[in-house]
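Q: Starting from the structure of chain A, add chain B where the hints point.
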Amino acid sequence: MTVFIPRSLQEATDLIAEHPDAHLLTGGTDLMVEVNFNHRRPEKVISLGKIEELHQVTINDDHVIIGAAVPYAQMEKGELGESLPALAEAARTVGSPQIRAAGSLGGNLGTCSPAGDSLPVLSATNSLVHLTSAGGTRMVPFSEFMIGPKRNSRQPHEIITAVTVPRTCGWQGYAKVGTRNAMVISVASACVVFHDDELRIALGSVGPTIIRCTDTENWYQSLASKKSTGVSLEIGSRASQESRPIDDHRSTADYRRHAIKVLAQRLFERGMSK
Amino acid sequence: MVLTKTRQRDVLGHSALRPDGTAKVKGDFAFSSDLWAENMLWGATLRSPHPHARIVSIDLSKAWKVTGVEAIITASDVPGQLTYGLISEDQPVFAFDVVRYMGEPIAAVAADHPETCRRALAAIEITYEILPPLTDPEMSIGEQHIPIHPDGNLIREQRIVRGDITATGPIVVEGTYIIGMQDQAFLGTESALATPDHDGGGVEVYVATQWLHEDRKQMAKCLNMPEEKVRLTLGGVGGAFGAREDISLQVHTSLLALRTGRPVKMQYGREESFFGHVHRHPAKVWMKHHATAEGEIVKIEARFLFDGGAYSSTSAAVLLNGITHTQGPYRCPNAIVEGFASRTNNPPCGAMRGFGVVQACFAHEGQMDKIAEAAGISPVAVRLLNAIRTGDTLITGQILESVAPVERCIRETDALPLPPPLPTDAHELLLPGGSGLTADRRHIVRGIGYGVSIKNIMYSEGFDDYSTARCILKDGVATIKFATSEVGQGFVTLAPQIARSVLGVDEVVTETIDTQIGSAGSTSASRQTWMSGGAMDGACRMVRERLFEHVAAIHKLDPLQLAIENTDVVDTRGHLRIPVSEASSGVRFEETFEYHHRPTEDLDENGQGNCHVAFAFVAHRAVVDVDPELGLVKVVQIATAQDVGRVLNPLSVLGQIEGGIAQGLGLAVMEEIIVQDGKVRNPSFTDYLLPTALDAPTVIASMIEEPDPQAPMGAKGVGEPPCISVTPAIVAAIRNAVGKSIDRCPVRPQDICL
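So the protein lines, in turn, are chains A and B. So the first sequence is numbered by the working numbering: it starts at 318 and just counts up by one. So the second sequence is numbered by the working numbering: it starts at 12 and just counts up by one.
Everything labelled a hint here was simulated from the structure, so no lab data went into it. A portion of the hints provided could be inaccurate.
Covered stretches of chain B (in silico footprint by chain A; criterion: 3 or more residues with CB under 8 Å from a CB of chain A, positions within the stretch not fixed) [to be verified]:
| hint | segment |
| --- | --- |
| 1 | 445 to 457 |
| 2 | 637 to 650 |
| 3 | 695 to 706 |
| 4 | 754 to 762 |
Where a beta carbon is used, it is the ideal one built from N, C-alpha and C, also for glycine.
Bound-form chain A, shown alone (with noise of 0.2 Å):
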């Protein structure tokens, strides 16, 4: 196995240009556990851990840039904590505090699991990827970026390189279901999103993807009286329709379908509280 250790990122883009076959490298939070459990051999390792540029957050009044190697221990509270509340909540639900030392968006984005802590929080604050190649920068939404169940628009030839996550005006929060008080993988996630007059839902492991609820949006957005009694138990139904979620090890769909209910319906009640 090779393992290159670039210290820049023009560094960086010309390696994985050269082996487009590689693995991408951050935290190790995710890869290290396939290597353990020998379900990837992988023969090129590009970690990008030492790579300055990766490890920036610039704060500015109507979005955030976070680089893609910044740890989810960083997002957790301070100004980067308060200045995204939602995500400072899925931070928090990330694993241990060692796992948080560790991991990064970067990591969470690259395998794209639909498990995948701070997705739901990407995906309602409509942040963008940014994916870098030796040719430049794109900026892709997340919903065109996560494509299916660890699947998703990197080309091999680029790397993540940061996430900018606009700013909202409203509350924001994040909750998460496992079978245990902390350090688990999600049975079922949400994230609202209060923007203006606008609210946004969008749900972890109930489906493929993270599910954006569109349909749930823009029901609310149609409402006159967006304060009137059933509003909130309404979004938690509707929330629980767009969810497609499967059974599996860690739960039943029946289940996730009615946490995602519960989740969405004390979610909305939490931000109209505020």
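A: Okay, now just chain B, sitting in the frame of chain A:
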């Protein structure tokens, strides 16, 4: 005021610290997986991906071509007996002809590097004829299914019939209870280092195990060697909980070492560990209790079905434990119980902390709450009303001779303070759902539940599981030796405490734990404090007699008037006082003592007989917060009063209580191996969930000290009881919180909210 600083001596009754504690906390302790030898090879195991298949052919030719491979062995390379087992020798060292569970070993390789091993295993070509797996234990015992093993599909069937089986009462309650497959999930995975003798006629093995001598016996048979040629030393053990009672890699590692003439080390990874040891039996238990209008038990009918998986392991004994604990810690004059242990193509199941009693207790405690409801009395009242006492007769006809402070356990548990109500501004991490932020305070309801248990200690049914210990006293230093596996329970702390108390010495040297002394029996069944403690106490007392004789001869006294007071030999009728160090200066006393518990008997066909040695009791009260809509649970507090006989080391006892409660909590709300069509779906700590610090409750414990006259030091084993009735207590608390009948554990979110 003059303050005299007296040094605390680490004698019995004090919280002596573990000799390996600091090293373990600092990461310096050498676990068996840290073993290394010059010129060492690595071993690895090829396992079946299928739960049931015929092995048509095994082609090793490509694997042999992998550079660095030194040995490849299969069933045809086993020089002795091809099968092994604790009770019945029905499990192949390597599968031949047929594989009967997913993960069954088929071949092993030794090579220069673990990666070479992996490549060699991948290059072994096996042609399977896949057979339909038998996964339903009901079908297995129904006799309509063809046997999946030459020994048949029924591992054991036993009934208990006592009293008037037509008796009934105005209250009749019944339930069918399901207990999921729990894993011991020790943190130190299976590992061993085997070094062959120069002449190839013997082998020395360092291994993490619960019972060195039983391992040696089984290994010698398979290796076709006399037992004395197989020498075992205990490697550093990272937890056991029953999972190291059966052998796993012992024979494989030894064979590879003998074949290559070099030291070979094997070590399972986490995933392999889930396939490398037996689990707790999943079980279906039906119970029907008949009671008086007041709630007094008149009769119990019960049926137990334990899924033993592919091989028998200790299933026969687990079944016995289950059915003989049907009544729980309650009087029951009439009973009719039938129990079955079946063979299936599911993972083999065997020993785990609680050993069959966990399953019985989950059912009988569910039943007690149903009786309470029908009688209109509280869960505490129904348990006090029926609490068993010393001298009562069990459903096996055995008289309960053990000290049985059941009533006290219940009353003291109930008297422990309840936690304050969940505050309106409770920290978000303290709500059910924890870091997932799934609930707000207003969504949460609280519940309280009780569980009480009886657990046999030591081995049963005529088995003489004796223990051996040696003590040498010389120049004021005691040197002690035993083969007692230290798996974390603390015998390495306790044994020197015994020597200090009995002999009045301070300095105690504990020799290596190995097979160079007689057997200590297994570190299981809550038995080592009683059994090896008894052996150590006996050996030290014999040495003390020799010391007294020696001192008496010099000072022309009767040895019977001498005693140990702190660190001195004193004349109880005179003024003589000599430090033990001085009295033993220049002399050497050595004694070995074998401790046997009183004999027990087999059960007859109606399940009657004095089959158990002794019993220990405990009560638990659980307080839980539940999110009924999402089905998420936070266990807030466990209160417990445990019958311990006598506290020999308070810190050790508390450690067992807290650890057992965490393990019982795991079974109550999260720990389950998911098996579908014979295949394990969650062999990792990502998906087999163990409680984290955020899941662990506050524990308040009361230790009830009523020394048992039958126990060598008055002390009962304390290892298993903490994990037994805490599970039903938590589940009862969940039922209490949400007002819903839940008859399975672990309780899954959907069991609460759907």
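Q: Next step is simple, just say for each hint if it's right about the structure.
A: To see whether the hints hold, each was checked on the structure:
{"no.": "1", "hint": "445 to 457", "in the structure": "holds (count 8)"}
{"no.": "2", "hint": "637 to 650", "in the structure": "holds (count 5)"}
{"no.": "3", "hint": "695 to 706", "in the structure": "holds (count 9)"}
{"no.": "4", "hint": "754 to 762", "in the structure": "holds (count 3)"}
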